[in-house]
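Residue numbers (our numbering), protein chains in the order written: chain A, 1 to 148; chain B, 1 to 148; chain C, 1 to 148; chain D, 1 to 148; chain E, 1 to 148; chain F, 1 to 148; chain G, 1 to 148; chain H, 1 to 148.
Hints were generated in silico from the structure; no laboratory data involved. Heads up, a few of these hints could be off.
[Stated by the list, open to error] To give an idea of the chain B side of the interface with chain F (calculated C-beta under 7 Å), a few residues: (1) ILE49; (2) LEU50; (3) GLN53; (4) MET57; (5) LEU58; (6) ASP65; (7) LEU66; (8) ARG70; (9) GLU72.
These numbers come from a predicted model, not from an experiment. C-beta: ideal position from N, C-alpha, C; glycine also.
Number of protein chains: 8
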Amino acid sequence: MELVVYLAGQIHDNWRDEIREKASKLGLPITFVGPMENHDRSDHIGEEILGPQPNKMLVDDAASDLNNLRTEVLLSKADVVIACFGEKYKQWNTAMDASAAISKNKPLILIRPESLIHPLKEIANKASVVCETADQAVKALSYIFETE
Amino acid sequence: MELVVYLAGQIHDNWRDEIREKASKLGLPITFVGPMENHDRSDHIGEEILGPQPNKMLVDDAASDLNNLRTEVLLSKADVVIACFGEKYKQWNTAMDASAAISKNKPLILIRPESLIHPLKEIANKASVVCETADQAVKALSYIFETE
Amino acid sequence: MELVVYLAGQIHDNWRDEIREKASKLGLPITFVGPMENHDRSDHIGEEILGPQPNKMLVDDAASDLNNLRTEVLLSKADVVIACFGEKYKQWNTAMDASAAISKNKPLILIRPESLIHPLKEIANKASVVCETADQAVKALSYIFETE
Amino acid sequence: MELVVYLAGQIHDNWRDEIREKASKLGLPITFVGPMENHDRSDHIGEEILGPQPNKMLVDDAASDLNNLRTEVLLSKADVVIACFGEKYKQWNTAMDASAAISKNKPLILIRPESLIHPLKEIANKASVVCETADQAVKALSYIFETE
Amino acid sequence: MELVVYLAGQIHDNWRDEIREKASKLGLPITFVGPMENHDRSDHIGEEILGPQPNKMLVDDAASDLNNLRTEVLLSKADVVIACFGEKYKQWNTAMDASAAISKNKPLILIRPESLIHPLKEIANKASVVCETADQAVKALSYIFETE
Amino acid sequence: MELVVYLAGQIHDNWRDEIREKASKLGLPITFVGPMENHDRSDHIGEEILGPQPNKMLVDDAASDLNNLRTEVLLSKADVVIACFGEKYKQWNTAMDASAAISKNKPLILIRPESLIHPLKEIANKASVVCETADQAVKALSYIFETE
Amino acid sequence: MELVVYLAGQIHDNWRDEIREKASKLGLPITFVGPMENHDRSDHIGEEILGPQPNKMLVDDAASDLNNLRTEVLLSKADVVIACFGEKYKQWNTAMDASAAISKNKPLILIRPESLIHPLKEIANKASVVCETADQAVKALSYIFETE
Amino acid sequence: MELVVYLAGQIHDNWRDEIREKASKLGLPITFVGPMENHDRSDHIGEEILGPQPNKMLVDDAASDLNNLRTEVLLSKADVVIACFGEKYKQWNTAMDASAAISKNKPLILIRPESLIHPLKEIANKASVVCETADQAVKALSYIFETE
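Looking at chain A on its own, in the form it has when it is part of the complex:
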């Protein structure tokens, strides 16, 4: 049995690498998917594919067309969603993806630092598992497959 896990969260640094590497070391039969991790490309993918846009809002709107297309397709394939929040950035699309996962009955693993307990309390309350490190999230995934 193979699982697909969507990694929702900011794309300014490479936090996903730790999850992928640890899962790989454990030999977990998991395909990880997620947003475009090249931040600059993600922000300009609308213009790249659809051409120049009349103003900044439409640059953003065109980019989100493509980013939402990608997220919808890949999230629909996911068995589990990991959403990772950090102290920087607005991360409203992370909250959007986390909530979409819950609404579609896909279990959510939430990673967040202690400092964000209060503002994330409603999302945490709906997550299946709440943890603070990538290592814990991978162990939660591993537990799904373990037999003893």
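Based on these hints, arrange chains B, C, D, E, F, G and H on the given structure of chain A.
Below, chains B, C, D, E, F, G and H without anything else, positioned relative to chain A:
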């Protein structure tokens, strides 16, 4: 035909009053619902109902139990969701409610200032209507009922 | 038992009046809903509520934001959808509404002239009832309530 | 991860070839499905399988039985739907397929010429991505798989 | 709390009257709905509304258009379905309605004579309650409301 | 706005009275529904309506036909489910109703004594609110309606 | 792309063989599933697995437990359902399976002799394709895969 | 065609081994999944992954986070659920899993000793098959695949 509209967003000031008053003046057959608007009570409702909690995280968790119960019941009754974002606060539960609305095929009206266009671009992209003022949101609701 | 019926179709003339009048004469307990029937207002509702738009495509996009909001809310309330096609206009949004009705398991009554049999054959094939006049559509609605 | 993409639209010319070829050159792991592209066969498949029909309307109805069977089966397998509109033909079944995709939460990529912006505005408003060329549509598909 | 109960079954005799009368005597807050009970009208409703049909099969097909429209609308309103089978007639549409009820998670009460136990065993196996008389079916409905 | 609340749990004593009385004193607009509370009648309702049964297992099976019919109809009307566990009895049907509520996205309020924390941990983990007294459960319901 | 097709209908003769053979000759990538075709075993599978039953009705009920388990599992895997009616037998479980397919949005191909047009008119009206021979049904399946 | 079967029930002894071995001997193409069968690890998995917890209730809550995550993922993959009840233990999570299966339209095979007929009567009434031994459950699974 009567509609139920859920007003998602922060509860630190009374932005909902303008919407309720304008809708009332127009005589729109709408029942507005939403979270507990008394911020202090919302943060301590867990202890108020379930008793003292061992630590701050559990105070938050107990409060979110009750707040999520309320949101789930009232959001399930809603025909439309208005989500209002401002420049202060994390507002991740607003994003969670907005995304839940979309996932449940409830149309979303998003109110946000121009300064938040970029970080809200993916949510805006999925909203039915994106506007900047409460007045515009009420006019959008009114349009659903107008006959000429 | 009361029913809600959505009247999908072009808004250049007042074809809906015949249906409403005939149903009213028969005393059918039906609330009819549908799009804004003032064509000019429908085309400019985006600017009216959201303000001036940078170009014609965005005028159209803003108008469709509001028109789709209205359609989604009212269609979700409907028990039956009547879609009326005529020989003029593209009417792709009529086809969109008819198909949305079918996908949401809402029975569709299709009204179309004989001349459109061929291009509408796939939609007709999925409709519950296909007829040529408003009078026939109202009789079909009436039959739902008749007891002998 | 492999995807299935349904190509909705007219079958009078071979516009689908460009999409298939470009996707093939990029090595995208996509299976393309769609309607019978032999127009004459599509129109007479009812008689071919079910035998002679008493009149022209029933020839059309029998053909649409088979065409709708095919569309329903293949659309239900699709992860993404591309709907292509051109300046010729009624294309109401294209609008029907596009709307069915949206109602079933399958992302829609809409290809249409600038001249059709106004009549397609409500469908465009619900599409994930709106573009003007097959090349752009393939790039949108490719973006789902790209990692940098 | 009011319930809607759909009475599925043949329309050659007035078996529904006993159910309606007994429920009425018990003062149960139930609205009963069901097919057109005038058998002749049910068989010719297609021609009555849509006009003369080219052959007998199309007379039947047109009639079933209207009968299925009625059933779909009323069954979608039902909280419970009673399906009554007797020793005469094919009653395949009764089996169709019973199965549609089960598939839509609407509890089914099956009334059938002892002689039909074997051929109805798969449907009986999926019904919530299987009984032999209208009186038993009404008592089952009444039990939903009783408080002691 | 009125709510329907299903009260799941054993029927050997009248624990539901406290909830109904407290909610009534608070003037909450709630209709409470639930199983037949007359335990003896609940156990013999199969024979009462369907007649004598060949053995004890079939007495039980016939009774559960009627009890499940009642539960399915009333649970489908509920906006919230309260499940109350005590130290006596197997209460597997209470667990069944609680789980059905969760699966149907109906928020669950769980009442259980401290002594049952361990064996109920998986159900508690899925409940919206977990408390120990009827008073707390009613306060949770009341909070849904409060405005300050 | 492979499809699964459920073959619903009586199990007194081997009508399914013709479908399987013709599909095999055409090389269609289809897995056919269906009920146990050994009629005697189907009728006694309850006793075979669960042991002797107290009376004939319970023999039937136990058999239908196993037969319905099988049908539910296999029907849930099916992309298309073929239901075949003949002039003999009650065939109410065939009607049940056909209706379950329709309710679950699985396209239905109905095979029936001309003599059954009238009693099957409501089911035929909901089928995607109605034909008279196994050969036609296989051609309909084949059409789903053909490219010219 | 391969099936996935979830084995719900207590984890204090190795009752699942008999099912797995018998299915293996029959060569059934079934992947069995289920909860962590190491009881001690199941009870302490919360602390193992998430670290020390402030009190016993939170040890239980953390463990159930992980156990529910596992169950949700694996149950969502299951085609059939087998729930086994014995005379020891509370087994409320077994009832929860059984009911979740039913609510998600996954057929349930219930194994229970004769002594539990009465308290399990409502769950038994909703199961597809009720039996007393693992051997019977495996035969029921085998019957899904048999062809004569």
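field: Agreement of hint GLU72(B) with chain F interface, Cβ distance less than 7 Å
entry: Holds, because the Cβ-Cβ distance from GLU72(B) to chain F comes to roughly 5 Å (cut-off 7 Å).
field: Interface hint for GLN53(B), Cβ within 7 Å of any Cβ on chain F
entry: violated (13 Å)
Cut-off 7 Å, beta-carbon criterion: hint that LEU58(B) touches chain F: violated (12 Å)
field: Restraint satisfaction for ASP65(B) [CB to CB of chain F, less than 7 Å]
entry: Nearest chain F Cβ about 5 Å off; hint holds.
- request: Could you check if ARG70(B) really has its C-beta closer than 7 Å to a C-beta on chain F?
  value: Check passed: Cβ of ARG70(B) comes within 5 Å of chain F, closer than 7 Å.
- prompt: Measuring from the C-beta of ILE49(B) to each C-beta in chain F, is the shortest one below 7 Å?
  reply: holds (5 Å)
query: Under the criterion of a CB-CB separation shorter than 7 Å, is LEU66(B) in contact with chain F as hinted?
result: holds (6 Å)
- request: Using Cβ atoms only, decide whether MET57(B) comes closer than 7 Å to chain F, and label the hint accordingly.
  value: Violated - the Cβ of MET57(B) stays beyond 7 Å from chain F, reaching only about 16 Å at its closest.
message: Holds or violated: the hint that LEU50(B) contacts chain F, with Cβ atoms closer than 7 Å.
response: holds (6 Å)
Checked against the numbered hints above, the structure breaks hints 3, 4 and 5 and satisfies the rest.
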